[in-house]
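Asker: If you want the building blocks of each chain, they are given just below.
Number of protein chains: 2
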Amino acid sequence: MALKEQIEEKAKRASLAAKKLANLSVNSKNYALLVMADALEEHIEKILLANDQDLANGVVKNLGKPLLDRLMLDETRIKAMAEGLRKTASLPDPIGEGIGTICRPNGLEIQKVRVPLGVIGIIYEARPNVTVDAIGLCLKSGNAVLLRGGTEAIKSNMAIVDILTAAAYDAGIPIGSIDFIDHTEREAVNVMLKLNQYIDVIIPRGGAGLIKTVVENSTVPVIETGTGVCHTYIDESADLKMACEIALNAKISRPAVCNTMETLLVHEKIADSFLPNMIAVLNAESVEIRGCEKTRVYNAAIIQATEEDWSTEYGDLILSVKVVATIDEAIEHINKYNTKHSEAIITKDYDNARKFQKEVDAAAVYVNASTRFTDGFEFGFGAEIGISTQKLHARGPMGLEALTSTKYLICGNGQIR
Amino acid sequence: MALKEQIEEKAKRASLAAKKLANLSVNSKNYALLVMADALEEHIEKILLANDQDLANGVVKNLGKPLLDRLMLDETRIKAMAEGLRKTASLPDPIGEGIGTICRPNGLEIQKVRVPLGVIGIIYEARPNVTVDAIGLCLKSGNAVLLRGGTEAIKSNMAIVDILTAAAYDAGIPIGSIDFIDHTEREAVNVMLKLNQYIDVIIPRGGAGLIKTVVENSTVPVIETGTGVCHTYIDESADLKMACEIALNAKISRPAVCNTMETLLVHEKIADSFLPNMIAVLNAESVEIRGCEKTRVYNAAIIQATEEDWSTEYGDLILSVKVVATIDEAIEHINKYNTKHSEAIITKDYDNARKFQKEVDAAAVYVNASTRFTDGFEFGFGAEIGISTQKLHARGPMGLEALTSTKYLICGNGQIR
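In order, the protein sequences belong to chains A and B.
1 is the number of the first residue of the first sequence in my numbering; add one for each residue after it.
1 is the number of the first residue of the second sequence in my numbering; add one for each residue after it.
So that you can see chain A by itself, here it is in the shape it has in the complex (with noise of 0.2 Å):
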C-alpha cells in the first residue's frame, strides 16, 4: 500500500475505535493504563535495545549533546513514564461531566457535558516520553491517537507504542484506538494534516519551524502549541531583591523550556539600584546578556541588543534586558514582542499589578511570580499535553480537559416550535 493509503487506514480505524472509546467506563479505562505501565517496566531491556539503535543512528548523524540527552533512556526514565501512566489512571475522568443544565420555559433542559474529541493527532519530535505522556492522556480522556514522532527516535518509539497497544488490546481497549504512523517522511505529515474526515483535531509539539509547517498546511483544526518569548518587568516600586530572585530563577532554572524569561524590562527609575547587580548574578551563572543603550551603561562588556533580540526565543544562557520609562512602554513592548505565553510583573503597586494583568495580552500573566509556573503539573491539573499559545479551545497548560469537547443532551416530552 502506498504512503498516503497507509495512513488514512489508520486513521479510519482510529475514527472507528474513537467511537467505542467514547463510551468506555473509567474502570476499563483506568484498568488498561495500569496494565500498560505494568508492561512499560516488563520491557525495559526492549525499550532500551532500541533506544540505542536511535542513539547511535544520531551519533552518525551528529545530533548535538543537549538533543542526544532528550532522546536517551534508562531504566529511571522508563520507570519515570510508566508512573506517569500510573498517576494517570488516579486522574478524575473528565468524560461524562455536566457542565450545566439549563430549563427552558417550554420544558425543555438541556444538559451540556462533556465527550472526547475523538481521533488526536499528535505531530512530535525527539523525546520519547512524549510518546507515553500523549497515549495515556488521550486514553483517559477517550480519544484515539496517531502519533507521528520524529526520525531520531523513530525505533524506541515504535518499541514504547508496540508494548503499550499490545498491553492495552489485552486489556480490552478498542484495537485502533493507538497508533503510530512509521513513516519518516515529511510527506506522511502532509497527509496527517488533511485527514479532517477521521482526525479531529492535530496538536504539533516542538521547535517553531514543525509548529509553522502544520499550522500553515492543516486543514484538521490545530491547537498551536509551545513556543515562548517570555519577560519580565520589574516595576518601579519592586521589592528588588524578590525581583532578582524570581528573574535569575525565571531565565536559569532550565532555559531550554518554554516558559523561560528571554527578555528582561527594567523600569529607569530603579535601573541604577537594581541593575548592576542583577547583571553580577547573572554573570556568575554564565548568562549572556544583550541590553538596550541604557543597560550597557552599567557594563561594557554587555554586547548591543538587536531588533532580532526582541523576538528571539533563544532557549538558552542569554537574556535581553531593556530599561522603560514606564510600565505603558513595558506593556506595549510585551504585546509587540510575545508570544502570548506567559509575562510577570514584580511590583508592591496595586494599580500597576492590576493594570498589568489586564492590558498584556498573554496565556498566563504573573504577578510577584516566576514565569517557569506555566506549567500543567504545577496548575495542579495532574498532567499536561502541551501548552497553548492560541486563543481558540485552550489557552495556557492544557490537561485532560483540553482534550474534550461538549455535547448538548435534551429531553423533551414532545416539544416542537
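No lab work stands behind these hints: they were computed from the structure.
Do not rely on the hints blindly, as some may be mistaken.
[As the list claims (entries may be wrong)] Not everything, but these chain A residues come out facing chain B in the computed CB check (under 8 Å):
| no. | residue |
| --- | --- |
| 1 | 118 |
| 2 | 242 |
| 3 | 304 |
| 4 | 357 |
| 5 | 359 |
| 6 | 368 |
| 7 | 379 |
| 8 | 412 |
[Claimed, not checked] Sample of chain A residues at the chain B side, in silico, Cβ under 7 Å:
| no. | residue |
| --- | --- |
| 9 | 219 |
| 10 | 355 |
| 11 | 358 |
| 12 | 396 |
| 13 | 399 |
| 14 | 413 |
| 15 | 414 |
[Unchecked claim] Under the rule of at most 30 Å between Cα atoms (straight-line distance), these lysine-lysine pairs were calculated in the BS3-like manner:
| no. | chain 1 | residue 1 | chain 2 | residue 2 |
| --- | --- | --- | --- | --- |
| 16 | B | 212 | B | 61 |
| 17 | B | 4 | A | 212 |
| 18 | A | 4 | B | 348 |
| 19 | A | 87 | A | 19 |
| 20 | A | 358 | A | 294 |
| 21 | B | 20 | A | 269 |
| 22 | B | 19 | A | 212 |
| 23 | B | 19 | A | 20 |
| 24 | A | 358 | A | 269 |
| 25 | B | 65 | B | 46 |
| 26 | B | 355 | A | 355 |
| 27 | A | 194 | B | 65 |
| 28 | B | 336 | B | 355 |
| 29 | A | 294 | A | 241 |
| 30 | B | 12 | A | 20 |
| 31 | B | 79 | A | 269 |
| 32 | A | 336 | B | 12 |
None of the values given here were measured: they were computed from a predicted structure.
Backbone N, C-alpha and C fix where the C-beta goes; we use that ideal spot for every residue, glycine too.
Got chain A; can you put chain B on it based on the hints?
Answerer: Just chain B, lined up with the frame of chain A:
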C-alpha cells in the same frame, strides 16, 4: 493601494483597536450599542435606498425568489435589527467573568477569567441582518470585527456599516473596531484567511461551498458552522402521535434552515402503524419523499432514495425516509451520514433514550423534541453568532461566551521554582 495591502491595513487597525476594546467597561459598550440601534432607525431611508440597488442587481442577475426575499429589507426588518442590538446591550457581559480559582500549596493563586478573542473575521453570504448581529455580538464581547459579506448584499451592508461605525465611534468605541471589506472579489477572502498576525479566528456563515473554501484555505483558526443533515428516529416504543407531530415540525416549520430534519428513520416494528399516516400528512404539506425499499411499500409514488440522498442537506420540502431493523442500525446510519449537528429519538423506552444520547455523535441530541430547537435563542443564550458543527472551542449554538477566550491571572508573593 492594492487589495491585499488594503485588507491588511484594516486587519492591522482592527488588531490595534482590539487591545483597547478588551478593557472597555460594560457601560461604555452597552451605551454604544443603544446609540447604534437608534442610528439604524434614524437612517431607515438610507438603508432602504441601498437595499433597492441590491434588489435591482439581484433581479438582473436572476437570483431566485427565496434569495431575493432573504436580501429584501423593509422598515419592520430594520427595526428588528435595531431591537437585536438593544437586546444584546441587555445581555450580561462575559468579559472578566471568573471561571474558577486554583489555590496552590505554594501559595500561588491562579484565577481563570474570560477575555475577548481579539479580532474576529466573519465571512458570510446574502442576509444583511448578519451584518448587524455580528457587529453587535462582537462589540459586546470586546472583540474587533472584520466583515466580508457577499456581493448580493454589498450596498445594503455598506450602508449599514457606515451608519453603525459612525454611531459607534461617536459613542467612544475605538476607531477600527468595526470594519467591512468592500472588495467583492474572491481574492479578498483568500487574503483574510492568511492574516494570522492580525485575525484570531474566522467564522464562515453560509452555504457548504463557502464553508469548505474557508476550512481548506485558512491558516487562521476557523469555527466551522452550519451545514445540517439532521435525523429523527422513531423508536419502536414511540408515542406515534407525538412522533408524527415532531417529525412534521422538524421538516416543515422552516425547511431552509440547518436544524431541519432531512432524514426520517423508522423502526420496522411500528412502520405499519406509523408510516401510512406520516406519509399522508407529509404529502398534504407538499413534502417530496425519497424512501428506501421498505418505505416505498406504503406508497408507490415515493421515489427510491439513492446513496447520495442520505447525505444531502435538501434545505427544502424534501425528505428521505428509511426503515431500520434496530436502534443500533439507526445510530449507525446517523453517525455515518450526519453532519454532527442535531439528532432526535422519539421513544418511551428509558434505555433506548440514554443509548441514543450517548452513542449519537452530534452537537445536540434530543429525546422527544424537535431538532428545530438547536438555536442560541431557543437555548436561552439571548444571542447567536452561528451553530458550530466542529468539536473544537465551541459546539452547537454559539452565544457571547463562544466569542471569548480565557487568561490565567496568577498572584504570588515571590514564588520561584
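Asker: Now tell me if each hint is right for this structure.
Answerer: Cross-check of the supplied hints:
The beta carbon of residue 118/A is positioned within 8 Å of a beta carbon in chain B (closest approach about 6 Å), and the interface hint is therefore held. Look at residue 242/A: its Cβ gets to within about 5 Å of chain B, closer than 8 Å, so that hint holds up. The criterion of a C-beta within 8 Å of any C-beta in chain B is not met by residue 304/A, whose closest approach is roughly 27 Å, and the hint is violated. Interface hint at residue 357/A: satisfied, since its Cβ lies 5 Å from the closest Cβ of chain B, which is below the 8 Å cut-off.
Because the beta carbon of residue 359/A sits about 7 Å from the nearest beta carbon in chain B, less than 8 Å, this interface hint is met. Evaluation of the residue 368/A hint against chain B yields a held restraint, the C-beta minimum of about 5 Å falling below 8 Å. With a cut of 8 Å, the hint placing residue 379/A at the interface with chain B holds, because the nearest CB-to-CB distance is about 6 Å. At its closest, the beta carbon of residue 412/A sits 3 Å from a beta carbon of chain B; the interface hint therefore holds under the 8 Å criterion.
Because the beta carbon of residue 219/A sits about 5 Å from the nearest beta carbon in chain B, less than 7 Å, this interface hint is met. A distance limit of 7 Å between C-beta atoms decides the matter here; for residue 355/A the minimum to chain B is near 9 Å, and the interface restraint is violated. At a threshold of 7 Å, the smallest CB-CB gap from residue 358/A to chain B is about 6 Å, leaving the interface hint in force. Evaluation of the residue 396/A hint against chain B yields a held restraint, the C-beta minimum of about 5 Å falling below 7 Å.
For residue 399/A, the shortest C-beta to C-beta distance to chain B is roughly 11 Å, which exceeds 7 Å, and the interface hint is violated. Because the beta carbon of residue 413/A sits about 6 Å from the nearest beta carbon in chain B, less than 7 Å, this interface hint is met. Satisfaction of the interface hint for residue 414/A is found here, the shortest Cβ-Cβ separation to chain B being roughly 5 Å, below the 7 Å cut-off. A distance of roughly 24 Å separates the Cα atoms of residue 212/B and residue 61/B; the hinted pair therefore holds under the 30 Å criterion.
Annotation: proposed proximity of residue 4/B to residue 212/A holds, straight-line Cα distance about 22 Å (limit 30 Å). Between the alpha carbons of residue 4/A and residue 348/B the distance comes to roughly 46 Å, so the proposed pair goes past 30 Å and is violated. The straight-line distance between the Cα atoms of residue 87/A and residue 19/A is roughly 25 Å, inside the 30 Å bound, and the hint therefore holds. For the hint linking residue 358/A to residue 294/A, the alpha-carbon distance of about 28 Å falls within 30 Å, and the restraint holds.
Taking the CA atoms of residue 20/B and residue 269/A, the gap is near 27 Å; set against the 30 Å cutoff, the hint holds. A hinted pair counts as satisfied when its Cα atoms are at most 30 Å apart, and residue 19/B with residue 212/A qualifies at roughly 25 Å. For the proposed pair residue 19/B and residue 20/A, the alpha carbon gap of about 44 Å is over 30 Å, so the pair is violated. Pair hint residue 358/A plus residue 269/A holds up; C-alpha atoms about 23 Å apart against a cutoff of 30 Å.
For the proposed pair residue 65/B and residue 46/B, the alpha carbon gap of about 24 Å is at most 30 Å, so the pair holds. Distance check on the hinted pair: residue 355/B and residue 355/A sit about 50 Å apart at the alpha-carbon level, beyond 30 Å; violated. A distance of roughly 38 Å separates the Cα atoms of residue 194/A and residue 65/B; the hinted pair therefore is violated under the 30 Å criterion. Taken as a hint, the residue 336/B and residue 355/B pair is honoured in the structure, with Cα atoms around 17 Å apart against an allowance of 30 Å.
Pair hint residue 294/A plus residue 241/A holds up; C-alpha atoms about 21 Å apart against a cutoff of 30 Å. For the proposed pair residue 12/B and residue 20/A, the alpha carbon gap of about 46 Å is over 30 Å, so the pair is violated. At roughly 57 Å between alpha-carbon atoms, residue 79/B and residue 269/A are farther apart than 30 Å, so this suggested pair is violated. For the suggested pair residue 336/A and residue 12/B, the alpha carbons sit about 12 Å apart, so the restraint of at most 30 Å is met.
Violated hints, in rising order: 3, 10, 13, 18, 23, 26, 27, 30, 31; the structure is consistent with all others.
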